[in-house]
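Undergrad: Numbering (UniProt numbering), first residue to last: 1 to 107.
Take these hints with a grain of salt, some might be off.
[Claimed, not checked] Only pairs whose alpha carbons sit at most 20 Å apart, straight line, appear in this in silico DMTMM-like list of lysine to aspartate or glutamate:
#1 K64 to E76
#2 K67 to E56
#3 K8 to E23
#4 K35 to E50
#5 K96 to D86
#6 K90 to E37
#7 K44 to D89
#8 K103 to E30
#9 K29 to E53
#10 K35 to D2
#11 K27 to D2
#12 K64 to E23
#13 K96 to E30
#14 K61 to E97
#15 K96 to D58
#16 K101 to D58
#17 K101 to D18
#18 K90 to E50
#19 K64 to E53
#20 K60 to D18
#21 K65 to E50
#22 K67 to E57
#23 K65 to E20
#24 K61 to D5
#25 K44 to E76
#26 K103 to E53
#27 K39 to D58
#28 K77 to E56
#29 K77 to E50
#30 K103 to D93
#31 K67 to E23
#32 K29 to E97
[Claimed, not checked] Okay, the calculated beta carbon distance ranges per label pair:
#33 M21 to E97: 27 to 33 Å
#34 K64 to E37: 17 to 23 Å
#35 K101 to N9: 51 to 57 Å
#36 H14 to I72: 57 to 63 Å
No wet-lab data here; the hints were simulated from the structure.
Glycine is no exception: its CB is placed at the ideal position from the N, C-alpha and C atoms.
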Amino acid sequence: MDLRDQLKNLFPEHEEQDFEMPEEQFKQKEPLVCKFEKKGRNGKPVTIVEGWEGSEEDLKKISKKIKTTLGIGGSEKDGTIIIQGDNRDKIMDILKEMGYKTKRVGG
Numbered sequence: 001m002d003l004r005d006q007l008k009n010l011f012p013e014h015e016e017q018d019f020e021m022p023e024e025q026f027k028q029k030e031p032l033v034c035k036f037e038k039k040g041r042n043g044k045p046v047t048i049v050e051g052w053e054g055s056e057e058d059l060k061k062i063s064k065k066i067k068t069t070l071g072i073g074g075s076e077k078d079g080t081i082i083i084q085g086d087n088r089d090k091i092m093d094i095l096k097e098m099g100y101k102t103k104r105v106g107g
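Start from the sequences and build out the full structure, keeping to the hints where you can.
TA: Structure below.
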């Protein structure tokens with residue numbers, strides 16, 4: 001006699017129902033830091049988004065959305081997104097639309 005049979009004996013009127021665990025939506029705890037940098041890149045400007053706490057897969061989705069919306073190149077790795085050019089304001093607007101808090105660092 002397994003547990004279900006024992007419970008049926010104890011509670012004969014109870015009807016068993018299917019139950020699915022709701023998926024937890026990922027929530028970023030700290031704001032994403034959006035900064036501008038030229039050092040170490042032969043003087044070429046880039047915008048760096050740091051502070052990602054989620055999965056690499058979600059990071060790639062966000063990076064792809066930014067790159068396709070702005071029509072510019074970039075890459076993502078180790079929790080950072082690197083986008084070509086100084087596009088801090090535009091990137092911050094895109095991230096806010098997606099529901100992420102952002103923080104601007106530097107001039």
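Undergrad: Each hint needs a verdict: does it hold in this structure or not?
TA: For each hint, the structure was consulted:
1. About 9 Å separates the Cα atoms of K64 and E76, which keeps this hinted pair within 20 Å; it holds.
2. Between K67 and E56 the CA atoms are separated by roughly 16 Å; this keeps the pair inside 20 Å, and the hint holds.
3. Only pairs whose Cα atoms come within 20 Å are accepted, and K8 paired with E23 is rejected, the gap being roughly 29 Å.
4. Taken as a hint, the K35 and E50 pair is honoured in the structure, with Cα atoms around 8 Å apart against an allowance of 20 Å.
5. A distance of roughly 18 Å separates the Cα atoms of K96 and D86; the hinted pair therefore holds under the 20 Å criterion.
6. Restraint check: the Cα-Cα separation between K90 and E37 comes to about 16 Å, which is no more than 20 Å; the hinted pair holds.
7. Among the hinted pairs, K44 with D89 is consistent with the structure: their alpha-carbon atoms are about 18 Å apart, no more than 20 Å.
8. Between the alpha carbons of K103 and E30 the distance comes to roughly 10 Å, so the proposed pair stays at or under 20 Å and holds.
9. Only pairs whose Cα atoms come within 20 Å are accepted, and K29 paired with E53 is accepted, the gap being roughly 8 Å.
10. For the hint pairing K35 with D2, the CA-to-CA distance comes to about 59 Å; that exceeds 20 Å, so the pair is violated.
11. For the suggested pair K27 and D2, the alpha carbons sit about 39 Å apart, so the restraint of at most 20 Å is broken.
12. Of the pairs offered as hints, the one joining K64 and E23 is violated, with about 24 Å between alpha carbons and a cut-off of 20 Å exceeded.
13. Restraint check: the Cα-Cα separation between K96 and E30 comes to about 14 Å, which is no more than 20 Å; the hinted pair holds.
14. Our distance criterion of 20 Å between C-alpha atoms is met by K61 and E97, whose separation comes to about 14 Å.
15. Straight-line distance between C-alpha atoms of K96 and D58 comes to about 16 Å, which keeps the hinted pair within the 20 Å bound.
16. About 16 Å separates the Cα atoms of K101 and D58, which keeps this hinted pair within 20 Å; it holds.
17. About 37 Å separates the Cα atoms of K101 and D18, which puts this hinted pair outside 20 Å; it is violated.
18. Under the criterion of a C-alpha separation no larger than 20 Å, the hint pairing K90 with E50 is consistent with the structure, at around 16 Å.
19. As the CA atoms of K64 and E53 are separated by approximately 17 Å, the hinted pair is consistent with the 20 Å bound.
20. Among the hinted pairs, K60 with D18 is inconsistent with the structure: their alpha-carbon atoms are about 35 Å apart, more than 20 Å.
21. The suggested pairing of K65 with E50 holds, with an alpha-carbon distance near 16 Å, which does not exceed 20 Å.
22. A hinted pair counts as satisfied when its Cα atoms are at most 20 Å apart, and K67 with E57 qualifies at roughly 15 Å.
23. Distance hint between K65 and E20 is unfulfilled; the C-alpha atoms sit about 31 Å from each other, more than 20 Å.
24. For the suggested pair K61 and D5, the alpha carbons sit about 47 Å apart, so the restraint of at most 20 Å is broken.
25. A distance of roughly 17 Å separates the Cα atoms of K44 and E76; the hinted pair therefore holds under the 20 Å criterion.
26. For the hint linking K103 to E53, the alpha-carbon distance of about 15 Å falls within 20 Å, and the restraint holds.
27. Annotation: proposed proximity of K39 to D58 is violated, straight-line Cα distance about 28 Å (limit 20 Å).
28. Proposed proximity of K77 and E56 is supported: the alpha carbons are some 8 Å apart, at most 20 Å.
29. Of the supplied pair hints, the one linking K77 and E50 holds, its CA atoms being roughly 10 Å apart against a limit of 20 Å.
30. Our distance criterion of 20 Å between C-alpha atoms is met by K103 and D93, whose separation comes to about 11 Å.
31. The hinted pair formed by K67 and E23 fails the criterion: a straight-line CA distance of about 28 Å is larger than 20 Å.
32. Proximity of K29 to E97 is assessed by CA-CA distance (about 17 Å); at most 20 Å being required, the pair is judged to hold.
33. As the Cβ distance of M21 to E97 is approximately 29 Å, the hint placing it in 27 to 33 Å holds.
34. A C-beta distance of roughly 21 Å is found between K64 and E37, which places it inside the suggested range of 17 to 23 Å.
35. The hinted window of 51 to 57 Å between K101 and N9 holds, with their beta carbons roughly 53 Å apart.
36. Between H14 and I72 the Cβ separation comes to about 59 Å, which falls inside the hinted range of 57 to 63 Å.
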